[in-house]
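Asker: Single-letter residue listing:
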Amino acid sequence: MASNGKDSRTSHGIVKVIVRAAVTLLMVTVLNFTLFRVLPGDATSLLLGGARAAVSNEQIEAQRRNWGLDKPIFPNQLLDYMQATARGDLGYSFKFRGQRVSDLLLERLPATIALVGVAQIIAILCGVMLGIYAGWRRGGVIDNVATSVALALYSTPAFWLGMVSVVIFSTALAWFPAYGAYSPGVSTEFLDRIVDYLRHLVLPASTVALGLIGQYVLVARAAMSDVVSEDYMVTARAKGLTSGQMLMRHGFRNAMLPVVTLVTLNLGYVVAGAITVESVFAWPGVGGLTVEALNARDYPVLQGVFLLLGASIVVANLIADLAYGILDPRVKQ
Amino acid sequence: MNEWSLSRRSMVKAMLLGSSAPWLLNSTAFAGSCDDHVVRLGVTSSPDSMNPFATWASFAPTAYTYDFLVGIDAQRHSDRKGFAKEWSVGEDNLTWTFKIWPDMKWSDGKPASARDVAFTYNYLRDSIGRPDELNVGWNNTSGLANVQSITAIDDETLQMVTKVPTRWPVDNYIMIVPEHIWKDISYADARGGFPNDPPLVGTGPMIVSEFRRSQFARLTPNQYFRTGRPATAGMILNLFPTVDSIAQGLKTGDLDYGFGLMAAQWADLSKNPSIVVGKSRTENRIFLAFNTLSEKGAGSTKALQDPAFRDAIGYAVDQKAIVDRAMRGHADPGVGLVFPAATDYYSDLSDIARHFDLAEASRRLDAAGYRDNDGDGVREDKEGKGFQLELITSSGGGSNGAIPITTLQLIAGWLGQIGVPVSVTQLDDSAFSARARAPENGGGGWDLLVGSNWLSPAPSDLLVLGSSAAVGTSNPSYWTNEKFENLLAQVNVTVDLKTSQELLDQAVRLIYTEAPYIVLCYPFMLEARRKDCFEGWGTNDIVSAWSYFPFDRLRPV
Amino acid sequence: MTELIAESRRRGRRLAIIDFLGRLLERGGAWVGVAALTFFLVLAAVPGLLVGPLETAATATGDFLAAPDGQHLLGTDEAGRDVLNLVVHGTRISLTIALMSTLISLILGTTVGITSGYFGGRIDTWLMRITDFFFIVPPFVLALVIAPVFVEVLGRGREILGFRTSLFVILVVIGLTSWSFVARIIRSQTLSLGQRSFVDRARVAGSSDASIMVRHILPNLVPQIAANGALVVAGAIYTETALSFIGLGDPLQPSWGTLLSLAQRAGAASAGAWWYLGAPGVCVLTVALGFVLLGNALDDTFNPRRRVIP
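Protein chains in written order, with numbering that gives the first Met the number 0: chain C, 0 to 332; chain X, 0 to 556; chain G, 0 to 309.
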């Protein structure tokens, strides 16, 4: 977890946090650049697709110019690459016949956002609430069951849960479809399409959510039980505040701090975690794209995906740091 | 507050979920094919472009939109004709005359005639020899070098004159495209840049109207189709990454037809009362290829260039086990280049065929000079280097169907047992075909390759695996042989069946002995369709592999 | 005098260890974890004794995708191989990769952490920047992107240190991407240790920096390393399973993740072959859970107040 959160309490600290995020983003870009140019042999042909007729000659030439592949690596190529990236030019995909990588990513991103968004909502509703309850009432049956289940979920690969749920809910019970985001030939009515989409979303989103619930339960529980034993909670009880009021007024907000931080951080990681789940369910998002590009050794796409994921993680961390600053009760003294 | 309000909250949640479930499950979104009369197909191929000159991967769905002049199906079935109503060849065996169906129209209403046919062939032929020659896709220049001229005598008559006697004019499967669309497309664009966006313009029964890569292609009936507007309301070709989804879709009724099924799913579906399964011989052959290059792009050992080595390895491959364990009985065991479906030319080569015998393979390897000199269990080649062979294959479904991974495990197992360790690398289709290309195009550098080839039963296609012109495309082992080339050239200009059979047999035996390929099996096509919703499917082949049959004549039940 | 001190120190250490083990085993989680891990370590050590040699497609005898019965306790796969046999042999691959890559991570992380914490200043800042970066980017994504590059660099088909190339690549890549977690913790521990008097004394006595780090600070970090090491192993198991699942594993030497990938491709999910899917997954779950429980128990024992996961 980001220990930089404590910096966001002052405006000077906020600037520091933003600068740090920018530097990290830069490092991501440089690492991205370096990774794909240490390949032996003809890195140029590897990055431009070599002899695959999929990308046209004009595109190959354009890319050679934009990325400065004929110039020395440092600093010329690096600068060219940074400039091209800043312009949004991420190269052309081999596997997808010369489609621009940026277009591909934008095309696939909404599906992943939908998946991850819905999963987060489910995970927060179930996991955080369960964790808070378990932390509030330590040692009870619910607490033990919740903790055991949470630990088990935390240790299980989410995509395996997905495969199991396909066996149970698709093959055996036929409640939900197992693959893709669209039924074959669904009618063109908007409402019908939405319902069909949601129906396809249930299993993958639940799978991703299960992967998160474990963490959320554990962290919420830990945060809550820490708060419960704090001095000011004892004081509040002595003052005569009822359990409910105490929970809301003091406990909840303080317990929320690490949870909010975790949730925001996860926004960055879950996209990465969705890679395997999207592969299991053939969900047409960025994750599925990554696996396809990996198997096709489609380096421009891999480069683009890595940049996207790195950037989203950095941004998520930044938001988490800033949120920490806002929510940290010690600021509001 | 805690327990009670929490449980009340969860109760409300449960009620909400419960009440929405039946609504979700029964929504009208799932109008099936029986309701809207749209035929739903499931495939695992991944068409990438609707431009038939630019890609091999889009037979489905472009074959449903375009006609061939004659083609394979028209010769096998009299009711599956293409652009040509009838055809004949003159006494000299060089002048072919085709009668085109009268009053044909393109799907945009413009008249379709012999001129469009002449345009398509001449468009291809004129690109021969240029740097941007059209030789990268389904519509390509192979065979056109033998054609002297293609002329439209009038709207309904086409004449083709060849330089030497050949059956190419009726055997070729070039999709006929409209002149008024394609005449302004440059060759460079036709090779790749021109996407041929939907809605396509063709003379087939189903016109591609929407194409979403990796998801689906939607086709609408062609109101100007030759035998009348098809009775169905359209087609949707669903693209899936795995065949699993197709099997599922068939079971739930979301799909009407699927092919390329694996043995497990086929067996499962055959027990389903609403499904009819089909199994047919195909022109597909799965083979193990050796990289026979000696210079640029060569493999890791010179042994690959030695026919004695390759022949010995042939004794370590048990085709019967591959059929039984990898294909679950749904294949014929491999022998030579010719598959059983080519009834005119198939021979089981029983007099020279190798048999499976690991001890024999070891003996032959020893005799050829590849012994295990240092006793580490691994043989060394004549340069003293221990063997470590890399086997590449495609992991995807590909357009010819998936090759079961069990096949690779079996091969690696057998070869490992005789002291030739093999490592397996699975690549996706595009990465695989990039490595299988000719060395001057960046391919090569591998040792063994397991691939498949599915072309027509014409002699030139039967022998294409050893053709020098096809090195890097249909000849992945890069093998060339002068005698073979001569035989191939002769076969190409032989029209008499008996002579052609003799020549072809010689060629097949030659390449079998030289063994740049060990043919593993000839897989069957496993397909399945639902009984409800539509009728008019084929009996022996539910859906043709070579034309748009039966989508021109399916009717709602 | 130093002899006596050394002797008493050694005795003290022995007592401390015994006391520690006692406290550790008080916790229920530790028992479960240790039991599970011992079971799988035995499987990994002698798979041949328990189920015979690894079944290949050539030696398979069973029916295809058959449900579990008396002859095949966990059913068969799409080639007729016994799933129990495959899973037991897969234990060795999965565990070896996980443990060895964790070793790499621990070495890398400890080195960076100690150096950073000990020297402080500019070295600290730069090392921590790099660590932060590796901490932020999830190991799985980084591994996914690096792996094909490594395969290109290392070439194909060779066996390195007894591992096929693809497995070796996975091993190295996980090791190179999972060290930051350890580095941060080691660094903060080193910082607090560095102030202690025995370090000053050693410096006064003329010991070099390296010797101080290795002989004095490192031994005090062992508890921390062990506790976090267990959690790193759990993460490594996940990463290896996920990487093998998406296709980077070796189908000829299947780990659990590769088995899941083979099951997926053979259509086990739609054929309802729950045994083929279930067995490798349950194993991954159990081993990861075992390490998590063990790691928590260790952490609890060392730092009873600082509960990471109570």
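Where hints are given, some of them may not hold.
To be verified - Restraint-style ranges between C-beta atoms, simulated for each label pair:
1. G/R128 to X/N372: 18 to 26 Å
2. X/E439 to C/I17: 46 to 54 Å
3. C/T9 to G/S187: 20 to 28 Å
4. G/D62 to X/N372: 40 to 48 Å
5. G/R202 to C/K70: 44 to 52 Å
6. X/R370 to G/L40: 38 to 46 Å
7. X/V377 to G/V221: 39 to 47 Å
8. X/L509 to G/D62: 17 to 25 Å
9. C/I17 to G/T124: 35 to 43 Å
Keep in mind the hints are simulated off the structure, nothing from the lab.
Backbone N, C-alpha and C define an ideal beta-carbon position, used for all residues, glycine too.
Asker: Does each hint hold? Answer for all of them.
Answerer: Here's how the hints hold up against the structure:
In this structure, G/R128 and X/N372 break the distance hint of 18 to 26 Å, their C-beta atoms being roughly 54 Å apart. Our hint of 46 to 54 Å for X/E439 and C/I17 holds, since their Cβ atoms are close to 52 Å apart. With their beta carbons about 23 Å apart, C/T9 and G/S187 fall inside the hinted range of 20 to 28 Å. At about 42 Å, the beta-carbon gap between G/D62 and X/N372 stays in the expected band of 40 to 48 Å.
A C-beta distance of roughly 50 Å is found between G/R202 and C/K70, which places it inside the suggested range of 44 to 52 Å. Checking the proposed 38 to 46 Å range against X/R370 and G/L40 shows it holds: the Cβ atoms sit about 40 Å from each other. For the pair X/V377 and G/V221, the beta carbons lie near 42 Å from each other, so the given range of 39 to 47 Å is met. Remark: the range hint 17 to 25 Å for X/L509 to G/D62 is contradicted by a beta-carbon distance near 41 Å.
About 18 Å separates the C-beta atoms of C/I17 and G/T124, a value inconsistent with the hinted range of 35 to 43 Å.
Consistency note: the structure conflicts with the earlier hints numbered 1, 8 and 9.
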